[in-house]
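Student: Line by line, the protein sequences are chains A and B. Counting in our numbering, the final residue of the first sequence is number 666, and the numbers go up one at a time with none missing. Counting in our numbering, the final residue of the second sequence is number 666, and the numbers go up one at a time with none missing.
Any given hint could turn out to be false.
Here are the simulated lysine-lysine pairs, DSBU-like style, with alpha carbons at most 35 Å apart [to be verified]:
hint	chain 1	residue 1	chain 2	residue 2
1	A	526	B	661
2	A	507	A	658
3	A	649	B	507
4	A	575	B	575
5	A	649	A	504
These are computed hints drawn from the structure, not numbers from a lab.
2 protein chains.
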Amino acid sequence: MNIQLALDRMTIDEAIKMAKQVEQYIDWIEVGTSLIKEYGMESVKSLKAAFPDKTIVADIKTMDNAKYEFKLCFEAGADVATVMGVAPDATIQTCMETAADYGKHVMIDLLNTTEKRAETLSETYDAILCVHVSKDQQEIEGQSTTSIRIPGNLHPESLIAAAGGITSKTLSELVTLKPHVVIVGSAITKTAHSVESAKQMKEIIKG
Amino acid sequence: MNIQLALDRMTIDEAIKMAKQVEQYIDWIEVGTSLIKEYGMESVKSLKAAFPDKTIVADIKTMDNAKYEFKLCFEAGADVATVMGVAPDATIQTCMETAADYGKHVMIDLLNTTEKRAETLSETYDAILCVHVSKDQQEIEGQSTTSIRIPGNLHPESLIAAAGGITSKTLSELVTLKPHVVIVGSAITKTAHSVESAKQMKEIIKG
Numbered sequence: 460m461n462i463q464l465a466l467d468r469m470t471i472d473e474a475i476k477m478a479k480q481v482e483q484y485i486d487w488i489e490v491g492t493s494l495i496k497e498y499g500m501e502s503v504k505s506l507k508a509a510f511p512d513k514t515i516v517a518d519i520k521t522m523d524n525a526k527y528e529f530k531l532c533f534e535a536g537a538d539v540a541t542v543m544g545v546a547p548d549a550t551i552q553t554c555m556e557t558a559a560d561y562g563k564h565v566m567i568d569l570l571n572t573t574e575k576r577a578e579t580l581s582e583t584y585d586a587i588l589c590v591h592v593s594k595d596q597q598e599i600e601g602q603s604t605t606s607i608r609i610p611g612n613l614h615p616e617s618l619i620a621a622a623g624g625i626t627s628k629t630l631s632e633l634v635t636l637k638p639h640v641v642i643v644g645s646a647i648t649k650t651a652h653s654v655e656s657a658k659q660m661k662e663i664i665k666g
Numbered sequence: 460m461n462i463q464l465a466l467d468r469m470t471i472d473e474a475i476k477m478a479k480q481v482e483q484y485i486d487w488i489e490v491g492t493s494l495i496k497e498y499g500m501e502s503v504k505s506l507k508a509a510f511p512d513k514t515i516v517a518d519i520k521t522m523d524n525a526k527y528e529f530k531l532c533f534e535a536g537a538d539v540a541t542v543m544g545v546a547p548d549a550t551i552q553t554c555m556e557t558a559a560d561y562g563k564h565v566m567i568d569l570l571n572t573t574e575k576r577a578e579t580l581s582e583t584y585d586a587i588l589c590v591h592v593s594k595d596q597q598e599i600e601g602q603s604t605t606s607i608r609i610p611g612n613l614h615p616e617s618l619i620a621a622a623g624g625i626t627s628k629t630l631s632e633l634v635t636l637k638p639h640v641v642i643v644g645s646a647i648t649k650t651a652h653s654v655e656s657a658k659q660m661k662e663i664i665k666g
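All chains should be modelled from the sequences, with the hints used to inform the complete structure.
Tutor: What follows is the structure in structure tokens.
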């Protein structure tokens with residue numbers, strides 16, 4: 460099980476500083492969508508340069524122009540890039556092919572997909588599937604990790620990532636579902652106790 | 460009827476140079492998703508600085524983190540920003556509120572929405588609705604503007620934008636549907652005859 464640190468709503472320098480602090484407790488580093496849209500591919504390049512041995516996830520949330528966007532990410536140093544499960548099939552298929560060309564990986568974000576669509580995606584693609592309660596669903600609709608549910612109809616061999624306001628409290632329950640990746644943002648990055656929080660989460664995951 | 464020039468898959472300097480060439484024949488300038496993801500908000504700032512009197516559309520394709528992303532766009536000088544129709548309702552609602560706070564506008568991209576969803580969006584939000592055949596659907600699935608259909612079930616007062624491989628040939632038919640905006644990219648930006656092409660399209664629209 461891997462902890463993916465999601466870096467969002469901060470500058471590139473702040474992101475590097477944050478990740479450095481908790482480096483030993485995290486496995487994957489996510490260059491958040493907000494960093495990409497605010498600073499472009501410079502964000503991915505800078506994080507990969509600062510952490511060459513970590514798995515770097517570019518949360519580019521591709522909806523179209525798949526080959527171009529995925530090439531951008533992989534050329535900038537990303538190891539994994541994200542595509543939306545609600546995107547057209549041609550887009551997701553092209554993301555898979557582009558990742559294969561680079562020997563890299565795809566994460567399909569299941570945000571706002573139907574259960575049927577999620578099932579089909581899990582049966583069709585050899586990708587990491589991200590079960591996702593979005594920031595807006597958390598902050599505006601008041602949903603939380605207690606809403607994170609790994610649908611029972613996904614292909615049993617699918618690798619699962621879980622995201623959405625995960626805290627050390629909710630992590631304990633989540634680990635029993637054995638996701639491949641747990642994505643943690645604010646609970647590490649927006650607290651005064653980032654290091655303690657990351658350490659505690661690493662211990663929960665180690666069991 | 461407005462022509463929106465979509466600038467994609469080029470540098471910021473190339474985008475400015477291209478738009479300068481055809482400035483007199485176009486009405487709105489779209490900072491394409493690829494420019495935003497490659498160069499960040501610098502792309503929106505630069506285009507607004509170069510064309511202060513044009514309507515600047517930031518095609519940020521928001522799926523989450525609506526307030527943050529829309530504030531980025533409007534602070535950078537955008538007049539319109541885009542959100543995906545397949546995004547959660549909380550996200551679209553927040554885009555509407557953020558745009559209202561800035562006195563700016565929202566374009567909802569109907570890519571891969573169902574007809575029912577498109578109808579609901581048109582009845583719920585006072586936004587521009589973008590009927591959209593995506594790049595990947597065109598280039599990989601072989602769909603073209605002949606596939607652009609303005610669904611009959613949209614609210615009759617909705618402002619419509621149409622996008623997806625529009626050429627001067629397909630534009631003639633499209634104008635009979637009276638969209639508020641026709642979005643043109645490659646037919647102007649990826650030809651040796653950009654100025655002639657833009658001029659011809661302007662003439663078609665003028666009738």
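Student: All hints, please: hold or fail.
Tutor: Hint by hint, here is what the structure shows:
1. For the suggested pair residue 526 of chain A and residue 661 of chain B, the alpha carbons sit about 31 Å apart, so the restraint of at most 35 Å is met.
2. Proposed proximity of residue 507 of chain A and residue 658 of chain A is supported: the alpha carbons are some 22 Å apart, at most 35 Å.
3. With a C-alpha separation of about 33 Å, the suggested pairing of residue 649 of chain A with residue 507 of chain B holds against the 35 Å cut-off.
4. Distance restraint check for residue 575 of chain A and residue 575 of chain B: the Cα-Cα separation of roughly 17 Å lies within the 35 Å cut-off, and the hinted pair is therefore satisfied.
5. In summary, the hint linking residue 649 of chain A to residue 504 of chain A is supported, as the alpha carbons are separated by about 23 Å, within the 35 Å threshold.
Taken one by one, the earlier hints all hold for this structure without exception.
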